[in-house]
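Q: All chains should be built: construct the whole structure from the sequences, respecting the hints.
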Amino acid sequence: MRKRQAKKRPLLPDPKFNDQLVTRFVNMMMWDGKKSVAFKIFYDAVAIIEEKKQDEEKTGLEIWKDALSNVMPHVEVRSRRVGGATFQIPMQIRPDRKVSTAMKWLISFARKRNEKSMAQKLAAEILAAAKEEGAAVKKRVDTHKMAEANKAFSHFRF
Numbered sequence: 091m092r093k094r095q096a097k098k099r100p101l102l103p104d105p106k107f108n109d110q111l112v113t114r115f116v117n118m119m120m121w122d123g124k125k126s127v128a129f130k131i132f133y134d135a136v137a138i139i140e141e142k143k144q145d146e147e148k149t150g151l152e153i154w155k156d157a158l159s160n161v162m163p164h165v166e167v168r169s170r171r172v173g174g175a176t177f178q179i180p181m182q183i184r185p186d187r188k189v190s191t192a193m194k195w196l197i198s199f200a201r202k203r204n205e206k207s208m209a210q211k212l213a214a215e216i217l218a219a220a221k222e223e224g225a226a227v228k229k230r231v232d233t234h235k236m237a238e239a240n241k242a243f244s245h246f247r248f
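So for the sequence shown, this note's numbering puts the first residue at 91; every next one is plus one.
Warning: the hint list may mix true and false statements.
What the hints assert, rightly or not - Simulated crosslink set (BS3-like; lysine-lysine; CA at most 25 Å straight-line):
id	residue 1	residue 2
1	Lys130	Lys148
2	Lys206	Lys130
3	Lys206	Lys155
4	Lys241	Lys228
5	Lys125	Lys106
6	Lys155	Lys143
7	Lys106	Lys124
8	Lys124	Lys143
9	Lys188	Lys235
10	Lys188	Lys228
These are calculated hints, taken from the structure and not from any lab test.
These figures come from a predicted structure and were not determined experimentally.
A: What follows is the structure, given as structure tokens:
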């Protein structure tokens, strides 16, 4: 085999919460290699969540993790050509892809919001996702609906 699968590089946990998932999120949010700026945005967002949260027993980080798990899709549709026709085939998603998809959706829908700063946008999107609402959760629901609608083609799985 000439093309080997790329080795997974170990991620350093972030300085404040000592969590690798946070580092992964910040790496996705980062633009132009400005990691310290991305970390500041994330920590500010968590601080805003701490101020705005309703239930007192959860920390800002736990609310972020809840939001992430609420956005995570479990099935997605993949295109497959079968005899000249293209079918949308529902497939299970690998665990690491679930996480990265959820992160991408959270970040992209946070960027599209219209609050003042990125930290405020991110905080608002995370709080909405934690309450099972917001654009990122809607995206997950739509993805699941699409998979449900195309369940008839699931026998074409590869």
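Q: It remains to establish, for every hint, whether it holds in the given structure.
A: Hint by hint, here is what the structure shows:
1. Lys130 / Lys148: Holds - the C-alpha atoms of Lys148 and Lys130 are around 21 Å apart, at most 25 Å.
2. Lys206 / Lys130: Distance ~15 Å between Lys206 and Lys130 Cα, so the pair holds.
3. Lys206 / Lys155: Roughly 24 Å between the alpha carbons, so the hint for Lys206 and Lys155 holds.
4. Lys241 / Lys228: 20 Å, holds
5. Lys125 / Lys106: 14 Å, holds
6. Lys155 / Lys143: 14 Å, holds
7. Lys106 / Lys124: 17 Å, holds
8. Lys124 / Lys143: With a Cα-Cα distance of about 29 Å, the restraint between Lys124 and Lys143 is violated, given a limit of 25 Å.
9. Lys188 / Lys235: Holds - the C-alpha atoms of Lys235 and Lys188 are around 16 Å apart, at most 25 Å.
10. Lys188 / Lys228: 16 Å, holds
Figure legend: structure checked against the earlier numbered hints; the only hint not met is number 8.
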